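Enquirer: Sequence:
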Amino acid sequence: MTKAFALAAVLLASAANADTLYNNFNGIQADAGGRIERFDGLLVGDDGKVKRVLHGEKLKLAGDTRVVDLGGRVLMPGLIDAHGHVMGLGYAVIQLDLTGTRSLDELKDRLRKYAAENPGTGWILGRGWNQELWTEKRFPTAADLDSVVSDRPVWLGRVDGHASVGNSAAMRAAGVTLQTKAPDGGEIIDGLFVDNAESLVTRHIPPPDSATQDKALAAAQSAMLRVGLVGAADMGTNKNDWDAMRRAGDSDKLRVRIFSYASGPDGWRGINGSKPTGWMYGDRLRLVGTKLYTDGALGSRGAYLKAPYHDRPDTRGLLFHSDAELLAQATETAQGGGQLAIHAIGDGANAQVIGTYEKIASQFGRTGRWRIEHLQIADPKDLPRLKPAGIVASMQPTHQTSDRLMAEARLGPKRLAGAYAWNTIRKIGVPLAFGSDFPVESPNPFPGLSAAISRQDPNGRPPGGWRPWEKVTLGQAIHGFTVGAAYAGFAEGRMGGLAPGKWADFIIVDRDPGSVDPQKLAKTVVLETWIAGKREFSADAQPAN
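The sequence shown begins at 22 in the numbering used here and counts up one residue at a time.
Incorrect hints may appear among the rest.
Stated by the list, open to error - Think about it this way: if two alpha-carbon atoms lie no more than 30 Å apart in a straight line, the pair counts; the simulated BS3-like pairs of lysine-lysine are:
1. K274 / K236
2. K448 / K380
3. K274 / K260
Claimed, not checked - Computed spacing ranges between beta-carbons, pair by pair:
4. H225 / L154: 28 to 36 Å
5. N261 / D205: 48 to 56 Å
6. D167 / P228: 21 to 29 Å
7. V89 / P228: 38 to 46 Å
8. N45 / D68: 18 to 26 Å
9. G357 / D538: 43 to 51 Å
Simulated from the structure, these hints should not be mistaken for lab results.
Here the structure is a predicted model, which is why all the values come from computation and not from measurement.
Glycine residues also receive a C-beta, built at the ideal position from the N, C-alpha and C atoms.
Produce the complete structure using the sequences and hints provided.
Expert: This is the structure in C-alpha coordinates:
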(Lines of atoms letter the chains of each structure in order from A and count residues from 1; the text may use other names and numbers.)
(Lines give C-alpha, C1' and ligand atoms only; values in the text may rest on other atoms or scores of the structure.)
Protein backbone atom coordinates (compact mmCIF):
# COMPACT_ATOMS: atom_id res chain seq x y z
CA MET A 1 0.00 0.00 0.00
CA THR A 2 2.82 2.38 0.87
CA LYS A 3 4.53 1.68 -2.47
CA ALA A 4 1.28 2.35 -4.35
CA PHE A 5 0.86 5.71 -2.63
CA ALA A 6 4.48 6.58 -3.37
CA LEU A 7 4.04 5.74 -7.05
CA ALA A 8 0.87 7.86 -7.22
CA ALA A 9 2.71 10.77 -5.63
CA VAL A 10 5.49 10.52 -8.21
CA LEU A 11 2.98 10.44 -11.07
CA LEU A 12 1.09 13.43 -9.68
CA ALA A 13 4.31 15.40 -9.23
CA SER A 14 5.32 14.58 -12.79
CA ALA A 15 1.98 15.83 -14.11
CA ALA A 16 2.19 18.95 -12.00
CA ASN A 17 5.63 19.75 -13.42
CA ALA A 18 4.67 19.11 -17.03
CA ASP A 19 5.03 21.64 -19.81
CA THR A 20 1.99 22.82 -21.74
CA LEU A 21 1.94 23.29 -25.51
CA TYR A 22 -0.69 25.69 -26.83
CA ASN A 23 -1.24 25.11 -30.53
CA ASN A 24 -3.68 25.55 -33.41
CA PHE A 25 -3.99 29.31 -33.07
CA ASN A 26 -3.19 32.41 -35.10
CA GLY A 27 -0.67 34.36 -33.03
CA ILE A 28 0.20 38.01 -33.53
CA GLN A 29 2.55 40.23 -31.53
CA ALA A 30 5.20 42.91 -32.02
CA ASP A 31 8.88 42.11 -32.04
CA ALA A 32 11.50 44.24 -30.31
CA GLY A 33 11.60 46.61 -33.28
CA GLY A 34 7.85 47.13 -33.44
CA ARG A 35 7.32 44.85 -36.44
CA ILE A 36 4.46 42.34 -36.64
CA GLU A 37 5.48 38.81 -35.68
CA ARG A 38 3.23 35.85 -36.51
CA PHE A 39 3.46 32.58 -34.58
CA ASP A 40 1.39 29.45 -34.11
CA GLY A 41 2.62 27.65 -31.02
CA LEU A 42 3.56 28.44 -27.43
CA LEU A 43 5.38 26.11 -25.06
CA VAL A 44 4.91 27.08 -21.42
CA GLY A 45 6.74 25.58 -18.46
CA ASP A 46 5.13 24.50 -15.24
CA ASP A 47 6.41 27.75 -13.71
CA GLY A 48 4.07 29.76 -15.94
CA LYS A 49 6.85 31.14 -18.12
CA VAL A 50 7.34 30.85 -21.87
CA LYS A 51 9.88 28.25 -23.02
CA ARG A 52 9.42 28.48 -26.80
CA VAL A 53 7.50 30.62 -29.29
CA LEU A 54 6.88 28.48 -32.38
CA HIS A 55 6.71 29.61 -35.99
CA GLY A 56 5.59 26.44 -37.74
CA GLU A 57 8.24 24.10 -36.35
CA LYS A 58 7.20 20.83 -34.72
CA LEU A 59 8.50 19.90 -31.30
CA LYS A 60 9.37 16.46 -30.03
CA LEU A 61 7.29 16.49 -26.88
CA ALA A 62 7.96 14.77 -23.61
CA GLY A 63 5.38 12.15 -22.77
CA ASP A 64 3.82 14.19 -19.98
CA THR A 65 3.46 17.42 -22.00
CA ARG A 66 -0.10 18.71 -22.02
CA VAL A 67 -1.44 19.94 -25.35
CA VAL A 68 -4.11 22.65 -25.50
CA ASP A 69 -5.81 23.09 -28.88
CA LEU A 70 -7.07 26.68 -29.19
CA GLY A 71 -9.34 25.91 -32.11
CA GLY A 72 -7.81 28.24 -34.66
CA ARG A 73 -8.56 31.36 -32.64
CA VAL A 74 -6.42 34.51 -32.42
CA LEU A 75 -3.83 34.77 -29.63
CA MET A 76 -2.04 37.96 -28.60
CA PRO A 77 0.29 38.81 -25.73
CA GLY A 78 -1.52 40.22 -22.73
CA LEU A 79 -1.70 43.99 -22.98
CA ILE A 80 -0.25 46.38 -20.41
CA ASP A 81 -1.58 49.87 -19.73
CA ALA A 82 1.38 52.18 -19.16
CA HIS A 83 -0.70 54.79 -17.34
CA GLY A 84 -3.79 53.97 -15.33
CA HIS A 85 -5.31 54.46 -11.90
CA VAL A 86 -6.16 51.02 -10.60
CA MET A 87 -8.02 51.96 -7.44
CA GLY A 88 -9.60 54.90 -9.25
CA LEU A 89 -11.01 52.43 -11.77
CA GLY A 90 -12.39 50.31 -8.97
CA TYR A 91 -14.04 53.24 -7.24
CA ALA A 92 -15.48 54.38 -10.58
CA VAL A 93 -17.13 50.97 -10.87
CA ILE A 94 -18.66 50.98 -7.38
CA GLN A 95 -19.50 54.71 -7.03
CA LEU A 96 -21.72 57.08 -9.03
CA ASP A 97 -20.73 56.80 -12.69
CA LEU A 98 -21.21 59.99 -14.71
CA THR A 99 -19.36 58.97 -17.87
CA GLY A 100 -21.27 59.53 -21.07
CA THR A 101 -23.67 62.12 -19.67
CA ARG A 102 -24.78 64.43 -22.48
CA SER A 103 -26.23 67.27 -20.45
CA LEU A 104 -26.30 68.77 -16.99
CA ASP A 105 -29.86 67.49 -16.65
CA GLU A 106 -28.65 63.94 -17.26
CA LEU A 107 -26.04 64.37 -14.52
CA LYS A 108 -28.79 65.56 -12.19
CA ASP A 109 -30.98 62.59 -13.10
CA ARG A 110 -28.19 60.11 -12.33
CA LEU A 111 -27.40 61.89 -9.07
CA ARG A 112 -31.06 61.90 -8.05
CA LYS A 113 -31.42 58.17 -8.80
CA TYR A 114 -28.19 57.27 -6.98
CA ALA A 115 -29.16 59.30 -3.91
CA ALA A 116 -32.55 57.56 -3.76
CA GLU A 117 -30.96 54.11 -4.10
CA ASN A 118 -28.29 54.83 -1.47
CA PRO A 119 -30.09 56.65 1.35
CA GLY A 120 -27.54 55.64 3.99
CA THR A 121 -24.51 56.94 2.13
CA GLY A 122 -22.69 59.74 3.93
CA TRP A 123 -20.78 61.47 1.16
CA ILE A 124 -22.02 60.82 -2.37
CA LEU A 125 -18.93 60.41 -4.52
CA GLY A 126 -18.80 60.09 -8.29
CA ARG A 127 -16.82 60.99 -11.37
CA GLY A 128 -16.82 61.00 -15.15
CA TRP A 129 -18.67 64.16 -16.25
CA ASN A 130 -17.32 66.20 -19.14
CA GLN A 131 -18.94 69.56 -19.81
CA GLU A 132 -17.50 69.58 -23.33
CA LEU A 133 -19.99 66.83 -24.23
CA TRP A 134 -22.98 68.63 -22.73
CA THR A 135 -25.51 70.73 -24.55
CA GLU A 136 -24.87 73.51 -21.99
CA LYS A 137 -21.06 73.55 -22.56
CA ARG A 138 -20.54 74.96 -19.05
CA PHE A 139 -19.15 73.70 -15.78
CA PRO A 140 -21.60 72.52 -13.10
CA THR A 141 -21.92 74.56 -9.91
CA ALA A 142 -22.72 74.00 -6.26
CA ALA A 143 -26.18 75.42 -6.88
CA ASP A 144 -26.79 72.83 -9.60
CA LEU A 145 -26.06 70.01 -7.16
CA ASP A 146 -28.00 71.65 -4.32
CA SER A 147 -31.12 71.54 -6.48
CA VAL A 148 -30.91 67.73 -6.40
CA VAL A 149 -29.22 66.81 -3.10
CA SER A 150 -28.83 69.25 -0.22
CA ASP A 151 -29.02 67.02 2.86
CA ARG A 152 -25.56 65.41 2.57
CA PRO A 153 -22.24 66.17 0.90
CA VAL A 154 -21.85 65.50 -2.83
CA TRP A 155 -18.48 65.53 -4.61
CA LEU A 156 -18.35 64.78 -8.33
CA GLY A 157 -15.11 64.62 -10.30
CA ARG A 158 -14.59 65.61 -13.90
CA VAL A 159 -13.58 62.81 -16.26
CA ASP A 160 -9.88 63.79 -16.15
CA GLY A 161 -9.72 64.07 -12.36
CA HIS A 162 -8.45 67.65 -12.57
CA ALA A 163 -11.66 69.37 -11.46
CA SER A 164 -14.51 68.47 -9.13
CA VAL A 165 -17.74 70.12 -8.12
CA GLY A 166 -19.21 70.01 -4.62
CA ASN A 167 -22.59 70.95 -3.25
CA SER A 168 -23.01 73.36 -0.37
CA ALA A 169 -23.06 70.54 2.18
CA ALA A 170 -19.66 69.34 0.95
CA MET A 171 -18.25 72.85 1.17
CA ARG A 172 -19.63 73.30 4.69
CA ALA A 173 -18.10 69.99 5.76
CA ALA A 174 -14.75 71.21 4.45
CA GLY A 175 -15.06 74.68 5.95
CA VAL A 176 -14.96 76.25 2.50
CA THR A 177 -17.09 79.07 1.13
CA LEU A 178 -17.51 80.64 -2.29
CA GLN A 179 -15.19 83.37 -1.05
CA THR A 180 -12.35 81.02 -0.05
CA LYS A 181 -9.10 81.85 -1.82
CA ALA A 182 -7.71 79.05 -3.97
CA PRO A 183 -4.15 77.83 -3.32
CA ASP A 184 -1.42 78.29 -5.89
CA GLY A 185 -2.01 75.97 -8.82
CA GLY A 186 -5.75 75.89 -8.19
CA GLU A 187 -8.97 77.73 -8.88
CA ILE A 188 -12.45 77.90 -7.29
CA ILE A 189 -15.47 78.92 -9.38
CA ASP A 190 -18.99 78.67 -7.92
CA GLY A 191 -18.35 75.34 -6.22
CA LEU A 192 -16.03 74.02 -8.92
CA PHE A 193 -12.58 73.17 -7.56
CA VAL A 194 -9.78 72.93 -10.11
CA ASP A 195 -6.49 71.05 -9.61
CA ASN A 196 -4.72 72.07 -6.37
CA ALA A 197 -7.95 73.55 -4.99
CA GLU A 198 -9.55 70.10 -4.91
CA SER A 199 -7.56 69.16 -1.82
CA LEU A 200 -9.42 71.83 0.18
CA VAL A 201 -12.37 69.43 0.10
CA THR A 202 -10.89 65.99 -0.53
CA ARG A 203 -8.87 65.99 2.70
CA HIS A 204 -12.18 66.16 4.58
CA ILE A 205 -13.77 63.19 2.80
CA PRO A 206 -13.72 60.15 5.12
CA PRO A 207 -11.31 57.57 3.70
CA PRO A 208 -12.86 54.30 2.56
CA ASP A 209 -12.60 51.43 5.00
CA SER A 210 -10.57 48.32 4.23
CA ALA A 211 -13.58 46.38 2.99
CA THR A 212 -14.44 49.12 0.49
CA GLN A 213 -10.84 49.34 -0.67
CA ASP A 214 -10.72 45.58 -1.22
CA LYS A 215 -14.01 45.70 -3.11
CA ALA A 216 -12.68 48.47 -5.36
CA LEU A 217 -9.46 46.59 -6.11
CA ALA A 218 -11.37 43.42 -6.97
CA ALA A 219 -13.68 45.40 -9.26
CA ALA A 220 -10.72 47.06 -10.98
CA GLN A 221 -8.98 43.74 -11.61
CA SER A 222 -12.14 42.23 -13.09
CA ALA A 223 -12.60 45.26 -15.35
CA MET A 224 -8.99 44.98 -16.55
CA LEU A 225 -9.09 41.26 -17.24
CA ARG A 226 -12.33 41.57 -19.24
CA VAL A 227 -10.60 43.82 -21.77
CA GLY A 228 -7.32 41.92 -22.01
CA LEU A 229 -5.18 43.94 -19.63
CA VAL A 230 -2.76 41.75 -17.70
CA GLY A 231 -1.04 44.67 -16.01
CA ALA A 232 -0.88 48.41 -15.54
CA ALA A 233 1.29 51.19 -14.20
CA ASP A 234 -0.69 52.58 -11.28
CA MET A 235 -0.06 56.30 -11.30
CA GLY A 236 -0.49 57.88 -7.88
CA THR A 237 -0.63 54.97 -5.42
CA ASN A 238 -1.29 56.16 -1.87
CA LYS A 239 -0.63 54.22 1.33
CA ASN A 240 -4.21 52.94 1.56
CA ASP A 241 -4.06 51.75 -2.05
CA TRP A 242 -0.76 50.00 -1.41
CA ASP A 243 -2.10 48.30 1.69
CA ALA A 244 -5.10 47.02 -0.29
CA MET A 245 -2.76 45.63 -2.95
CA ARG A 246 -0.62 43.96 -0.29
CA ARG A 247 -3.72 42.42 1.31
CA ALA A 248 -4.74 41.06 -2.08
CA GLY A 249 -1.28 39.66 -2.67
CA ASP A 250 -1.08 38.08 0.77
CA SER A 251 -4.43 36.33 0.21
CA ASP A 252 -3.64 35.22 -3.35
CA LYS A 253 -6.21 37.64 -4.80
CA LEU A 254 -3.85 39.81 -6.83
CA ARG A 255 -4.76 38.69 -10.33
CA VAL A 256 -3.01 41.33 -12.47
CA ARG A 257 0.46 42.88 -12.51
CA ILE A 258 0.78 46.35 -11.00
CA PHE A 259 3.72 48.72 -11.46
CA SER A 260 3.13 51.17 -8.64
CA TYR A 261 4.18 54.84 -8.69
CA ALA A 262 3.66 56.53 -5.33
CA SER A 263 1.45 59.58 -5.02
CA GLY A 264 3.96 62.40 -4.67
CA PRO A 265 6.67 62.79 -2.03
CA ASP A 266 4.36 61.79 0.83
CA GLY A 267 3.48 58.51 -0.86
CA TRP A 268 7.13 57.84 -1.71
CA ARG A 269 8.12 58.28 1.93
CA GLY A 270 5.14 56.49 3.41
CA ILE A 271 4.87 53.32 1.34
CA ASN A 272 8.38 51.92 1.65
CA GLY A 273 10.58 54.52 3.32
CA SER A 274 11.68 56.44 0.19
CA LYS A 275 12.94 53.47 -1.79
CA PRO A 276 11.48 51.08 -4.38
CA THR A 277 10.54 47.51 -3.57
CA GLY A 278 11.41 44.34 -5.41
CA TRP A 279 8.80 42.39 -7.32
CA MET A 280 6.38 40.48 -5.10
CA TYR A 281 3.75 37.78 -5.48
CA GLY A 282 5.17 36.24 -8.64
CA ASP A 283 5.88 39.59 -10.29
CA ARG A 284 2.40 40.94 -9.55
CA LEU A 285 3.34 44.04 -7.54
CA ARG A 286 6.26 46.41 -7.27
CA LEU A 287 6.74 49.99 -6.08
CA VAL A 288 8.82 51.49 -8.90
CA GLY A 289 8.97 55.20 -8.16
CA THR A 290 6.94 58.38 -7.77
CA LYS A 291 4.23 60.14 -9.75
CA LEU A 292 4.52 63.94 -9.71
CA TYR A 293 2.38 66.68 -11.28
CA THR A 294 3.30 69.92 -12.99
CA ASP A 295 -0.01 71.14 -14.40
CA GLY A 296 -3.67 70.31 -14.89
CA ALA A 297 -5.72 69.27 -17.90
CA LEU A 298 -6.87 70.93 -21.10
CA GLY A 299 -10.56 70.41 -20.36
CA SER A 300 -10.49 72.61 -17.25
CA ARG A 301 -7.87 74.94 -18.79
CA GLY A 302 -5.44 73.84 -16.12
CA ALA A 303 -2.79 72.62 -18.56
CA TYR A 304 0.07 75.13 -18.46
CA LEU A 305 0.80 76.74 -21.83
CA LYS A 306 3.64 78.92 -23.06
CA ALA A 307 1.09 81.38 -24.47
CA PRO A 308 -2.48 82.23 -23.44
CA TYR A 309 -5.38 79.94 -24.25
CA HIS A 310 -6.89 80.64 -27.65
CA ASP A 311 -10.42 80.47 -26.20
CA ARG A 312 -9.60 82.28 -22.94
CA PRO A 313 -6.78 84.79 -23.46
CA ASP A 314 -6.69 85.83 -19.79
CA THR A 315 -5.00 82.59 -18.68
CA ARG A 316 -2.12 80.28 -19.54
CA GLY A 317 -3.31 77.57 -17.16
CA LEU A 318 -1.87 76.42 -13.85
CA LEU A 319 1.76 75.62 -13.07
CA PHE A 320 1.88 73.64 -9.84
CA HIS A 321 5.53 74.11 -8.87
CA SER A 322 8.44 76.44 -9.44
CA ASP A 323 11.41 74.95 -11.25
CA ALA A 324 13.27 74.66 -7.94
CA GLU A 325 10.34 72.94 -6.19
CA LEU A 326 9.89 70.38 -8.95
CA LEU A 327 13.61 69.64 -9.07
CA ALA A 328 13.70 69.12 -5.29
CA GLN A 329 10.81 66.64 -5.44
CA ALA A 330 12.36 64.79 -8.36
CA THR A 331 15.75 64.64 -6.69
CA GLU A 332 14.28 63.06 -3.57
CA THR A 333 12.95 60.12 -5.57
CA ALA A 334 16.05 59.73 -7.72
CA GLN A 335 18.30 59.72 -4.66
CA GLY A 336 16.31 56.79 -3.27
CA GLY A 337 16.75 54.80 -6.47
CA GLY A 338 13.20 55.37 -7.67
CA GLN A 339 11.92 56.10 -11.14
CA LEU A 340 10.19 59.39 -11.88
CA ALA A 341 6.89 59.72 -13.73
CA ILE A 342 5.86 63.36 -14.11
CA HIS A 343 2.51 64.51 -15.49
CA ALA A 344 2.77 67.26 -18.08
CA ILE A 345 0.08 68.22 -20.60
CA GLY A 346 0.66 71.82 -21.73
CA ASP A 347 3.71 72.90 -23.72
CA GLY A 348 4.83 75.12 -20.84
CA ALA A 349 4.62 72.25 -18.37
CA ASN A 350 6.42 69.87 -20.73
CA ALA A 351 9.25 72.37 -21.15
CA GLN A 352 9.57 72.55 -17.37
CA VAL A 353 9.69 68.76 -17.01
CA ILE A 354 12.24 68.36 -19.79
CA GLY A 355 14.43 70.95 -18.09
CA THR A 356 14.05 69.13 -14.78
CA TYR A 357 15.00 65.80 -16.32
CA GLU A 358 18.04 67.33 -18.00
CA LYS A 359 19.26 68.29 -14.53
CA ILE A 360 18.32 64.90 -13.07
CA ALA A 361 20.10 63.08 -15.90
CA SER A 362 23.24 65.12 -15.39
CA GLN A 363 23.33 64.07 -11.74
CA PHE A 364 21.90 60.53 -11.80
CA GLY A 365 22.51 59.44 -15.39
CA ARG A 366 20.39 58.86 -18.48
CA THR A 367 19.46 55.28 -17.59
CA GLY A 368 16.67 56.12 -15.15
CA ARG A 369 14.02 55.96 -17.90
CA TRP A 370 12.63 59.26 -16.68
CA ARG A 371 8.99 59.29 -17.73
CA ILE A 372 6.80 62.12 -18.97
CA GLU A 373 3.17 61.17 -18.48
CA HIS A 374 0.89 62.42 -21.28
CA LEU A 375 3.25 64.75 -23.21
CA GLN A 376 0.09 65.91 -24.98
CA ILE A 377 1.05 69.40 -26.13
CA ALA A 378 4.73 70.09 -26.74
CA ASP A 379 6.61 72.89 -28.42
CA PRO A 380 8.25 71.18 -31.43
CA LYS A 381 11.46 73.01 -30.51
CA ASP A 382 11.56 71.08 -27.21
CA LEU A 383 11.14 67.58 -28.65
CA PRO A 384 14.82 67.08 -29.68
CA ARG A 385 15.72 67.49 -25.99
CA LEU A 386 13.87 64.30 -24.99
CA LYS A 387 16.32 61.62 -26.12
CA PRO A 388 19.54 63.17 -24.74
CA ALA A 389 17.92 63.27 -21.28
CA GLY A 390 16.93 59.59 -21.46
CA ILE A 391 13.20 60.36 -21.35
CA VAL A 392 10.43 57.82 -21.97
CA ALA A 393 7.19 59.15 -23.48
CA SER A 394 4.14 57.63 -21.76
CA MET A 395 1.20 58.61 -23.97
CA GLN A 396 -2.47 57.75 -24.30
CA PRO A 397 -3.84 57.39 -27.86
CA THR A 398 -7.51 57.76 -26.91
CA HIS A 399 -6.79 61.16 -25.36
CA GLN A 400 -6.17 62.40 -28.91
CA THR A 401 -9.49 61.12 -30.22
CA SER A 402 -11.40 62.37 -27.17
CA ASP A 403 -9.66 65.76 -26.99
CA ARG A 404 -9.26 66.62 -30.68
CA LEU A 405 -11.96 69.28 -30.97
CA MET A 406 -11.21 70.65 -27.51
CA ALA A 407 -7.50 70.90 -28.32
CA GLU A 408 -8.29 72.87 -31.46
CA ALA A 409 -10.47 75.24 -29.44
CA ARG A 410 -8.00 75.63 -26.58
CA LEU A 411 -4.90 76.11 -28.76
CA GLY A 412 -6.16 77.47 -32.06
CA PRO A 413 -5.04 76.15 -35.46
CA LYS A 414 -1.46 77.45 -35.34
CA ARG A 415 -0.27 75.72 -32.15
CA LEU A 416 -0.99 72.06 -32.89
CA ALA A 417 2.35 71.00 -34.39
CA GLY A 418 3.46 69.23 -31.21
CA ALA A 419 0.04 67.88 -30.23
CA TYR A 420 -0.18 64.12 -29.56
CA ALA A 421 2.91 63.75 -31.75
CA TRP A 422 3.46 59.99 -31.38
CA ASN A 423 5.22 59.33 -34.66
CA THR A 424 7.45 62.40 -34.45
CA ILE A 425 8.53 61.37 -30.96
CA ARG A 426 9.11 57.78 -32.06
CA LYS A 427 11.21 58.82 -35.05
CA ILE A 428 13.61 60.85 -32.92
CA GLY A 429 14.38 57.70 -30.94
CA VAL A 430 12.32 58.23 -27.80
CA PRO A 431 10.74 55.04 -26.34
CA LEU A 432 6.93 55.07 -26.50
CA ALA A 433 4.72 53.46 -23.87
CA PHE A 434 0.98 53.47 -24.50
CA GLY A 435 -1.89 53.49 -22.02
CA SER A 436 -5.34 54.93 -21.45
CA ASP A 437 -5.29 56.92 -18.19
CA PHE A 438 -8.25 54.85 -17.01
CA PRO A 439 -10.78 55.67 -15.60
CA VAL A 440 -10.38 59.00 -17.45
CA GLU A 441 -10.76 56.90 -20.59
CA SER A 442 -12.04 53.34 -20.85
CA PRO A 443 -9.50 50.73 -19.74
CA ASN A 444 -10.17 48.86 -22.99
CA PRO A 445 -6.87 48.96 -24.94
CA PHE A 446 -8.38 48.13 -28.31
CA PRO A 447 -9.80 51.63 -28.95
CA GLY A 448 -6.28 52.79 -28.04
CA LEU A 449 -4.71 50.50 -30.63
CA SER A 450 -7.27 51.72 -33.16
CA ALA A 451 -6.60 55.39 -32.40
CA ALA A 452 -2.84 54.88 -32.58
CA ILE A 453 -2.96 53.50 -36.13
CA SER A 454 -5.73 55.73 -37.49
CA ARG A 455 -5.92 59.01 -35.51
CA GLN A 456 -9.68 58.45 -35.73
CA ASP A 457 -12.36 57.76 -33.15
CA PRO A 458 -14.27 54.43 -33.24
CA ASN A 459 -16.76 56.00 -35.66
CA GLY A 460 -14.03 56.82 -38.19
CA ARG A 461 -13.89 60.56 -37.53
CA PRO A 462 -12.28 62.59 -38.93
CA PRO A 463 -11.90 61.00 -42.38
CA GLY A 464 -8.26 60.13 -42.99
CA GLY A 465 -7.32 60.82 -39.37
CA TRP A 466 -6.44 63.96 -37.41
CA ARG A 467 -2.93 65.11 -38.28
CA PRO A 468 -2.47 61.68 -39.89
CA TRP A 469 1.32 61.86 -40.19
CA GLU A 470 1.42 61.15 -36.47
CA LYS A 471 -0.09 57.66 -36.90
CA VAL A 472 2.01 54.65 -35.98
CA THR A 473 1.88 51.17 -37.50
CA LEU A 474 -0.05 48.30 -35.95
CA GLY A 475 3.20 46.67 -34.87
CA GLN A 476 4.37 49.88 -33.22
CA ALA A 477 1.01 50.27 -31.48
CA ILE A 478 1.04 46.71 -30.12
CA HIS A 479 4.65 47.27 -29.04
CA GLY A 480 3.54 50.37 -27.09
CA PHE A 481 0.95 48.34 -25.19
CA THR A 482 3.31 45.40 -24.51
CA VAL A 483 7.09 45.69 -24.75
CA GLY A 484 7.06 49.49 -24.54
CA ALA A 485 4.79 49.57 -21.49
CA ALA A 486 6.94 46.97 -19.73
CA TYR A 487 10.17 48.78 -20.67
CA ALA A 488 8.81 52.00 -19.21
CA GLY A 489 8.58 50.21 -15.84
CA PHE A 490 11.90 48.29 -16.00
CA ALA A 491 10.00 45.02 -16.53
CA GLU A 492 10.73 44.11 -20.15
CA GLY A 493 12.70 41.01 -19.13
CA ARG A 494 9.72 39.65 -17.19
CA MET A 495 6.63 40.60 -19.17
CA GLY A 496 5.38 42.54 -22.17
CA GLY A 497 5.21 40.29 -25.23
CA LEU A 498 5.77 36.54 -25.43
CA ALA A 499 9.39 35.36 -25.44
CA PRO A 500 11.42 32.68 -23.65
CA GLY A 501 11.82 33.52 -19.98
CA LYS A 502 8.87 35.91 -19.84
CA TRP A 503 5.59 35.16 -18.15
CA ALA A 504 3.00 33.40 -20.30
CA ASP A 505 0.53 36.28 -20.17
CA PHE A 506 -1.72 36.13 -23.23
CA ILE A 507 -5.23 36.76 -24.46
CA ILE A 508 -7.60 35.10 -26.92
CA VAL A 509 -9.60 37.56 -29.03
CA ASP A 510 -12.41 37.28 -31.55
CA ARG A 511 -10.60 38.82 -34.53
CA ASP A 512 -7.17 39.26 -36.08
CA PRO A 513 -5.98 42.84 -35.47
CA GLY A 514 -3.94 42.68 -38.66
CA SER A 515 -6.93 41.74 -40.82
CA VAL A 516 -9.57 44.32 -39.85
CA ASP A 517 -9.95 48.06 -40.30
CA PRO A 518 -9.32 50.39 -37.34
CA GLN A 519 -12.99 50.75 -36.50
CA LYS A 520 -13.45 46.98 -36.24
CA LEU A 521 -10.20 46.71 -34.30
CA ALA A 522 -11.65 49.07 -31.69
CA LYS A 523 -14.55 46.66 -31.16
CA THR A 524 -12.40 43.59 -30.53
CA VAL A 525 -13.86 41.25 -27.92
CA VAL A 526 -11.57 39.48 -25.48
CA LEU A 527 -12.59 35.85 -25.07
CA GLU A 528 -9.99 34.72 -22.55
CA THR A 529 -7.21 36.29 -20.48
CA TRP A 530 -4.34 34.14 -19.19
CA ILE A 531 -1.67 35.18 -16.70
CA ALA A 532 1.34 32.99 -15.92
CA GLY A 533 -0.26 30.18 -17.90
CA LYS A 534 -3.44 30.31 -15.82
CA ARG A 535 -6.78 31.40 -17.22
CA GLU A 536 -8.01 34.39 -15.20
CA PHE A 537 -10.97 35.39 -17.36
CA SER A 538 -13.24 33.61 -19.82
CA ALA A 539 -16.26 34.96 -21.67
CA ASP A 540 -18.86 33.28 -23.83
CA ALA A 541 -18.43 35.66 -26.76
CA GLN A 542 -19.41 35.16 -30.37
CA PRO A 543 -17.28 36.57 -33.21
CA ALA A 544 -18.54 40.05 -34.01
CA ASN A 545 -19.28 41.30 -37.48
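Enquirer: Work down the list of hints and note, for each, if the structure agrees.
Expert: Right, here's what the structure says about each hint:
1. K274 / K236: 11 Å, holds
2. K448 / K380: 24 Å, holds
3. K274 / K260: Given pair K274, K260 holds - Cα atoms ~19 Å apart, limit 30 Å.
4. H225 / L154: 28 to 36 Å: Since the Cβ atoms of H225 and L154 sit about 29 Å apart, the hinted range of 28 to 36 Å holds.
5. N261 / D205: 48 to 56 Å: Since the Cβ atoms of N261 and D205 sit about 26 Å apart, the hinted range of 48 to 56 Å is violated.
6. D167 / P228: 21 to 29 Å: Holds, since D167 and P228 (Cβ atoms, about 25 Å apart) stay within the stated range.
7. V89 / P228: 38 to 46 Å: Given range 38 to 46 Å: holds, Cβ gap about 44 Å.
8. N45 / D68: 18 to 26 Å: The hint (18 to 26 Å, Cβ to Cβ) holds, given that N45 and D68 are roughly 24 Å apart.
9. G357 / D538: 43 to 51 Å: This hint holds: roughly 47 Å between Cβ atoms.
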